[in-house]
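Since the structure of chain A is provided, determine the placement of chain B on it from the hints.
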Amino acid sequence: MDALIGFWEWLGENFLLAQILIKIVAIVAPLMLCVAYFTYAERKIIGYMQVRIGPNRVGPKGWLQPIADAVKLMFKEIVIPSKANKALFLIAPMLTLGPALAAWAVFPFQEGMVLADINAGLLYILAMTSVGVYGVIIAGWASNSKYAFLGGLRSAAQIVSYEIAMGFALVGVLVAAGSLNLGEIVRAQQGEGGLFNWFWLPLLPLFVIYFVSGVAETNRAPFDVAEGESEIVAGFHVDYSGMPFAVFFLGEYANMILVSALTALLFMGGWLSPLPASWVEGVPLLGDGMHWMFAKTALFGFFFLWLRATFPRYRYDQIMRLGWKVFIPITIVWILVVGLAVVYQLPWWFD
Amino acid sequence: MTFELIVFYLFSAILVASATMVITRRNPVHSALFLVLAFFSCAAIWMLAEAEFLAIVLVLVYVGAVMVLFLFVVMMLDIDVATMKAGFIRYLPVGLLVTLAMLIEIFLVVGADNFGLDKFPSPAPAAADYNNTESLGNVLYTAYMYQFELAAVILLVAIIAAIGLTLRKRSGTEVRQQDPSRQVKVKKGPDRVRLVKMEAQD
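Chains A and B are the protein sequences, given in the same order. Per the UniProt record's numbering, the very first residue in the first sequence carries number 1; after that it's consecutive. Per the UniProt record's numbering, the very first residue in the second sequence carries number 1; after that it's consecutive.
Just chain A, with the same shape it has in the complex (with noise of 0.2 Å):
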């Protein structure tokens, strides 16, 4: 084990690079692997849901599904349709699938735990995020297809405007802790209060908007009218086969885990645990650590499969108006009221 230490911190020394390089594996093989076993989860609990079993032939209770698609996508013929902009079809998926990679250089996992810590870190990952809507918009149009099309406009029309109300949102939790730097942002949800230090209660509202939004910015049910089947085929990626259409689906599996992990991070306190301090000290488990990042990123990806499988689609219409007329007002007013309670520093949060 030191001798495994040395070597690190060797390897920092002499070659930074390959140390960084490492590290980048660290962070996305696992999220690979995560995304993979996400889809199956998504199968099975929508199927319990639904009073089914769900995915249950390939391996023990199904666990080897997620390997079992993607070996298939991955043999598949690759269809590039005739009067297809050959060049923007293929780059439109890596445009999807990078910056949803690219945002977890700036993520703490943990106390000290971070690819880069750097001072924008939310600037940075607000940034990566809108960036990823050029993907499904290239793909809609290079296909050359009208659904594909209509597809990419509407995701581009709902990407800029939940994108307002999502940054607002962050300005709550940036006024709240008073920093741009996610570590930063954590540590001032720290206190005595354990859960309920956290900035979910004084933000209760941006919480719940950041979420609906980062539902809305990834296009999942019920705001997934870029891709609305039942009027529209499969919007966006109707013509896309195999590896393309596969790293799509990573994409957006991708983002899922982002505004999950997000969402965890900015408002339900990262990686601090619940329970106050006092109460564990010593304690295994029970004391702030990794799991419990993990355990609450789990939560929200839950909830994203939860409102799948219970919400119709909203229609395109009244989607534009929760985005608009309800979301933006409601983050507006809110961010007053924040900025109010840290100048008069309220007590419990704030003080």
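It is possible that some hints are incorrect.
Restraint ranges, calculated between C-beta atoms of paired labels, are given here [claimed, not checked]:
no., chain 1, residue 1, chain 2, residue 2, range
1, A, Val280, B, Val157, 49 to 59 Å
2, A, Ala234, B, Thr24, 30 to 40 Å
3, B, Gln177, A, Leu21, 55 to 65 Å
4, A, Gln345, B, Pro190, 45 to 55 Å
5, A, Lys83, B, Ala161, 36 to 46 Å
6, A, Gln345, B, Leu136, 24 to 34 Å
Simulated from the structure, these hints should not be mistaken for laboratory data. C-beta atoms are modelled at their ideal positions from N, C-alpha and C, and glycine is treated no differently.
Quick look at chain B alone, frame taken from chain A:
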């Protein structure tokens, strides 16, 4: 050549190349996408100048919002390239002349005579704990408060003017309209569903 210089020239080359592509591509969607690439390389150069807040905001605002809407509009346009190219040769000399004049003006104003390294030596690199966002906020909300609020008011006026220009009231019975706020107010009980008791038929 230091590493920084290599990075600078790399991104500058990408920036200039993509900017050239913006004006030379025939397909307007390609032009818009090259403009996105230009913004990205510009953000990278700003990042190199330790202006990370501005760099990220450039990506967030221009790439993430403005260009998306731009692309949205450009994709739906049906631009006839032939009409746009018509008279290219005829206007070329005038265009070149204007370009040359602008180029000379730019060089006179921001050239090495006024902004050379001897006039503005490169600042010492900031410490690791230097917070770009914080220092920008400190200046923006104290020394430049007046200008900042003026800009905000101008933007607000622009928003209201744009809405005022496009807002049109369509009335009359022949226009079918949906009012989502009335639709979502519908109650489950009396407004939407009426339960009727019926005798079983055989």
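Here is how each hint holds up against the structure:
Hint check: valine 280(A) to valine 157(B), Cβ distance near 56 Å, so the stated range 49 to 59 Å holds. Our hint of 30 to 40 Å for alanine 234(A) and threonine 24(B) holds, since their Cβ atoms are close to 35 Å apart. Evaluation of the 55 to 65 Å hint for glutamine 177(B) and leucine 21(A) yields a pass: the beta carbon distance comes to about 58 Å. Checked against the hint of 45 to 55 Å, the C-beta distance between glutamine 345(A) and proline 190(B) comes to roughly 49 Å, which is consistent with it.
Checked against the hint of 36 to 46 Å, the C-beta distance between lysine 83(A) and alanine 161(B) comes to roughly 41 Å, which is consistent with it. Evaluation of the 24 to 34 Å hint for glutamine 345(A) and leucine 136(B) yields a pass: the beta carbon distance comes to about 25 Å.
In this structure, none of the earlier numbered hints is contradicted; all agree with it.
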